[in-house]
Each structure stands twice: as C-alpha cells, then as structure tokens.
Amino acid sequence: MTITTSSILKDVEKIRKNAPLVHNITNYVVMNTTANALLALGASPVMAHALPEVEEMAGIAGALVINIGTLSDPWIEAMFKAAKRAKQRQIPIIIDPVGAGATQYRTRTARELIETYAPSIIRGNGSEIMALCEQGQTTKGVDSTSASDQAIDSARSLAQEFDCVVCVTGETDYIVSQKGIIQVKNGHAMMPRVTGLGCTATALCGAFAAINQDFVKAAAHAMAVMGIAGEMAGQNAQGPGSFQVNFIDSLYQLCETHIKELFNA
Amino acid sequence: MTITTSSILKDVEKIRKNAPLVHNITNYVVMNTTANALLALGASPVMAHALPEVEEMAGIAGALVINIGTLSDPWIEAMFKAAKRAKQRQIPIIIDPVGAGATQYRTRTARELIETYAPSIIRGNGSEIMALCEQGQTTKGVDSTSASDQAIDSARSLAQEFDCVVCVTGETDYIVSQKGIIQVKNGHAMMPRVTGLGCTATALCGAFAAINQDFVKAAAHAMAVMGIAGEMAGQNAQGPGSFQVNFIDSLYQLCETHIKELFNA
Amino acid sequence: MTITTSSILKDVEKIRKNAPLVHNITNYVVMNTTANALLALGASPVMAHALPEVEEMAGIAGALVINIGTLSDPWIEAMFKAAKRAKQRQIPIIIDPVGAGATQYRTRTARELIETYAPSIIRGNGSEIMALCEQGQTTKGVDSTSASDQAIDSARSLAQEFDCVVCVTGETDYIVSQKGIIQVKNGHAMMPRVTGLGCTATALCGAFAAINQDFVKAAAHAMAVMGIAGEMAGQNAQGPGSFQVNFIDSLYQLCETHIKELFNA
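Protein sequences, first through last, are from chains A, B and C. By the count of the working numbering, the first sequence reaches residue 1187 at its end, each step adding exactly one. By the count of the working numbering, the second sequence reaches residue 1187 at its end, each step adding exactly one. By the count of the working numbering, the third sequence reaches residue 1187 at its end, each step adding exactly one.
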C-alpha cells in the first residue's frame, strides 16, 4: 500500500470535477472553516443535523462525516439516524472522536457510533485514538497529550476490530488498516495552533472517500493534501490567523507542482 | 424601477449613520461571517433564537432576517414567533430558504414561513427559488444546480403570490417584484467558493430594508453592494481564504469611487 | 494595585508554558474566533455545553468561561451545572453578560448566574454592566450605547455586592474591584467593528485567571494584552477582515518589545 504524487493529484482532480456532496454533522466551532475547506478543495459541503432531515440529506450525499466536537443528546440521535441511512446506501462514513478521553460522554458516544455502524475511516489525534481503545488514556480537553506514534497499537487494534481505516494524525500521520500502515510526514508546526484543523482533516477524508472507494488511499490522500496545504500556508504566515487564511487559499491553489515539490511519505 | 450609483451610495451612508439593529435567526455555519459583514458595512447585528427572547429582540430591531440553513424544530418555533412580532411592528422580514429543495423539511418550513408572514424580501439561489414554487426542483445540498435566469418565472410567481420582492442570485442577480425586474451584474467568480456569501447577501438585505422602505430598491442596493465588494475583494485574492478577508474589508472601505467605477446593472 | 510591563509579560509566558485548559460555554457566533484567540495566545480551549459532560469538563479545566451570547434554556442549565462544579473545585469563573439589558431573558440569566455563583470576574461593555445593576439601562442589541466610564459606579457596586472583579471595556477599560480601579488605555478604533472581540476579552480573562490567582491582575493583564494586540493588528489592517486576522497573529507574536512599546495604563 502506497500513495504517490500522481495518485494524490488524480483524486484532487476528481473532487474538483465531481464536487461530491459531503454531509457533515459536526461541531459549532469548526462548521464555517470546515465548509470553507471543502469548498476551497472543490467539494460541496452541507451541514445538517435536524432529526426530520438527516436521513434525507444522507440519502443524497456522497459521504457522511460525523464529528462529536460539541455533542448533545439530540445531535447524537441525529448522528445515529444519518449513519443508519448512510450504511443502507453504502456511502462512506467518517468519524472524528473529538475529545474522546476527555469526558466519558464523548468516549462512550464515539465507541457506540463505531460499534453500531463500523465506519470506513476514523480520524483522531493520538490521545483520542488511544481513548477509543479503552486504554484508560485521558485527554486534556481536545488537544492531544500523546504523540501520534504512541497510538499505533491502538489504531491497529481498532482497524482490526471494525475492519476500517484509522488515521492517527500528529507530526507524522499514520494511516492504519489491516493492509498495513502508510505514513505521511507533511504538515507545519503552526497547525495545532489553529482550531479545527483536525476536524478539517476528517472532513477532507469525507471528500476523498466520496470519490475513491479504496478508503486507505482516500484517507492517505486527504492527509497528504492537509499536510501539503499546511506547508504552503506556513511559507508566508505571520501567525495562526494568516496561516488559516493561507491554508484555505492553498487548498484552492494546490496543483501538481506543489504536490511534487512537497509530498513527503 | 432602477437603481443608480447615487441611490446605492445614499443608502450605504444611511446604514453607516443609523447603524440599524438587524435581528438574525440564522444558521451556525455563517453566524460569525454574517455578523462581521453587517458590522463592516455599518449595521448592528444581533443573533438571538431562544423562545423566551426572540419576540423582545424582534421588538427592538429594525429588520428581521430568517435563514433556515441549519434548521431544527425549536428554532422553527422561534422563527415563527419572531416573525409574528416583526409583522405586528411592521418591520421588514427577509427570508433565506437555504437548501430548499434538498430536503422536504427545508422546503416545507420555508413555504410555511412565507405563507404565514408574507416577507418583504426572499433571497435565494436559482434552485431554492424554483423549489419554493413546487416545481419539483431538487437542490444538491445547499449549492445551486440551476442558473439564476432559469428561476425568473418562479420568482415572478412568488412575487405575485406574496406581494414581495424575490431576489434570485447568481452570475446575474434578478430582483423581481410586481413592478418589474432589476438586474445586477456585479460579482466575482470566487464567491460561490466561500461559504455563506449567499447568507450574507440576505443579511445585507436586512440592513438596507431597515433604512429604506422601498424594498425593491433595498434588495437591489444590497445585491449591488455584495457584487461590488466581491469585485474589490477579488482584485487581490489568492483564493477563497483571502477573498473572504478582503470582502469584509471591502464592505468597510466601500465609497463613492468604488460604486461609480464598478456598478454594473 | 497596578500592573506593569513585566507583570503582563510574566503571565503571558506562564500561559504559553502551562497551556491552561479553559472550558468555554459560549455563543455560536464567536466559538471559532474565541478558540483561535486562546490557542494563539498559548492556552488550550475547549467548548462543551452538553448536560452529560459539562461537570466532567469543568472538573479538569483551569478556568470556566460562561458567555450568554446565544442563550437557550438547555444551555442555561448546563451553565449552572458547570459553574457549580467549578465553584466546588475553586477554579475561577468568568462571566460575560452579552446583551444584558437588551432582553429580560439575558439580564435575568446573567443576574442569576452571578448571584448563585459569585464569579471571579465579570466582563462586559458599559450598557451591559449598567443593566446588571438594574439601573433600567437598555442595550441596543449587543453593542454598547454607553461609554465605559458611565458604568464605573455600577461596576463598583457589583464588585462590592459579589466580591468580584468587574471589567468594563470600551475606549478605556476599567478593572474595578474592592481594592480600587485599574485603567487600561490600549486598543484600536476598529475593534468594535469585529464581532466577538468583547467575548474574546472575556475568554482571555479565563486564560489569565487560570494561571494567576490575583484576579484583579489577571483581568487587567487580559485587557492589556487585548488592547496591545489590537494596536498591533491595526497597524496594517485594511478593514475589520484583515484586522481580525492580524489580531490572532498578534496574540501569537506578542513579546516583551510589543508590551514595552505599547502598554498604556
């Protein structure tokens, strides 16, 4: 299992051509930036969480992204309802267990979603992935207290238990599946200082999974694009504010030259 | 019916002088950017959706903007309550039927709001306006699948049925009323790649309608200002990220020179 | 009571070193920008409002920030629950009475929170602080209709009644406590044109209070950092859009040189 400059480019172009509809049930903090990232890349985002409409929306989407960042009971019900419909239609489900390990409510909800509707891809930071494996890991809020490589065993065990792809992001990103591990070493030191870039990584998994049924590659392509756009953004950033602006611009500009120059596996 | 450089300028100056309070019940995705757009233009935005306070807030506002972008049942109740109070006070109501056509929940809610409290202005993209006319149009999520000119008949029929102004936005914006049609041809190709600019257009209708009781002109002025600020923003944008930043700056900077140079009807 | 260049710097460095977890129950409009401001400064923000988890989250946080900007009944319940846990743990509670005076719902909720869990710091604009004192003050939406100095008496009376620090922000910021008044005169004319900078000021109080138990100084340091970053941001801003981007960058860049050059008490 590997990804290459040309496999990344091919999927980016497919997203730009097809503009897949990505249905997000995500948190309040990142809705705007996530939608902008998907639009900048070329996908078509929709945010919908109301019980009366989530099934219908999941019924027309190319992928469903569930992010538990600002959870509440009615939203959990909507997440399950949307996931059920997505499963029936066999469109990819991507789960972001934001803050798993910080509160039992988050850990439990993420686990239940995963156990009920084995997702195509789970994307989290080191602490979150370890918390999902019930290794008694606690997270400090929503920021990781563990490096991504510490979570490889947990990722492997989750990937096996649910036959899914597990993406652990950090300085190195590990895309873990039963077929092995792909590493992506792109990224920029300022990324953890911008809120919601982890959530954006998850949303991009949705865009790539909507146009590539090989979910290992879809996830790895998404991580590569995140990291490359991050490096592009960092080149002229004065801080996390301009970094965020540049990052959206970079997703829009990203072309063969950038991928060839920067991709680092 | 026409609008001119000087009629646009006069209303912009009036907004800057009076800073009308615009009460928004809008979606989670765009709350921040909408509030910033209203503030940059010179209006005073407030976001309030709680049942215990929406009537009181609509009771002190100069206009009420209702946007169904991230709908849920309690919010619908609040929308009706606020609209009732706005109607009693005879302040303008502006409705944005985000994603009408994508789910029945959205189409139905938008229709019911319009039928119950005939708004002053409805603003939507081509697909949404056609969906409101029950032409069996389906929308792909929240992005339009129809050009604005395809929706002119639907707009005309809505304008007549509810004696209101219908704004169909797209490459050309059509401001449709029983008095005829005004076209605004400003704008920039990058605008559909920034989330919430349609919602911002609707919110600006609220600011203009709060200070100009001729709602046809208010809507047309709002569309002209959107488009002109969009063209200003596009001049130095590297992508949708910097476009969004420039757009807010442009609403703030906008003066006679820009309007004279760029207005295109 | 005074603060100095070196006392400000010391606390900024402590935040960067300790990255205190700041638990925010805040409004939809500013969640993203508030989180980004806290991250840019060096703190670790978490947004959580669900009844099943707020106690647990408040149980691991270094400070609790409650902001009533987009209120609803379930959120009020969560605010009380989180505040109770914060009080038990003796971590600082910071309250932002957004829009107090605009609706009774907001005024009443803010008063009840303050009366029940005497917070460490209350931060508001002139109108809001006067409304909390039941002086019959009405606010126009969420923007202040009174200068900060008009609210000094109200601030003094609140500070005495609840033995807390009251921060009234405006052209001059007044940090009022039973020990006297500290003035901070930093800031930039464009700040009221960016949504949520008041909320950001409150959130920064949370970061400073988490690492400095002298809450008068914590609040004053937060206001100084807001104002200094605002002046830095204003130097190259073309409008409120670029101001907001520069402001986040400035919180990240802020160092001894900036504080020495710009601090104005």
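Honestly, the hints are just simulated from the structure, not real lab data. Some hints could be false.
Said to hold, decoys possible - Within a straight-line C-alpha distance of at most 25 Å, the following computed DMTMM-like cross-link-like pairs (lysine to aspartate or glutamate) qualify:
(1) B:LYS1003 / B:GLU1183
(2) B:LYS936 / C:ASP1065
(3) C:LYS1003 / A:ASP1075
(4) B:LYS939 / C:GLU1083
As the list claims (entries may be wrong) - Per the computed footprint, the stretches of chain C lying under chain B, defined by three or more beta-carbons under 8 Å from a beta-carbon of chain B, are:
(5) 948-958
(6) 985-998
(7) 1014-1027
(8) 1116-1126
(9) 1162-1173
By construction, the Cβ of each residue, glycine as well, lies at the ideal position given by its N, Cα and C atoms.
Hint check:
Taking the CA atoms of LYS1003 (chain B) and GLU1183 (chain B), the gap is near 43 Å; set against the 25 Å cutoff, the hint is violated. Annotation: proposed proximity of LYS936 (chain B) to ASP1065 (chain C) holds, straight-line Cα distance about 18 Å (limit 25 Å). Under the criterion of a C-alpha separation no larger than 25 Å, the hint pairing LYS1003 (chain C) with ASP1075 (chain A) is inconsistent with the structure, at around 37 Å. A C-alpha spacing of about 39 Å is found between LYS939 (chain B) and GLU1083 (chain C), which places the hinted pair above 25 Å, so the restraint is violated.
Counting residues of the stretch 948-958 of chain C whose CB lies closer than 8 Å to any CB of chain B gives 6, which reaches the minimum of 3, so the coverage claim holds. With 5 residues bearing a CB less than 8 Å from a CB of chain B, the stretch 985-998 of chain C meets the requirement of three and the coverage assertion stands. Chain B is given as covering the stretch 1014-1027 of chain C, and this holds because 5 residues of the stretch bring a CB closer than 8 Å to a CB of that chain, at least three being needed. With a threshold of 8 Å between beta carbons, the proposed coverage of the stretch 1116-1126 of chain C by chain B holds, since 3 of its residues qualify and at least three are required.
Closer than 8 Å: that is the beta-carbon criterion, and the stretch 1162-1173 of chain C has 5 residues meeting it against chain B, so the requirement of 3 holds.
Taken one by one, the earlier hints fail for this structure at numbers 1, 3 and 4, listed in ascending order.
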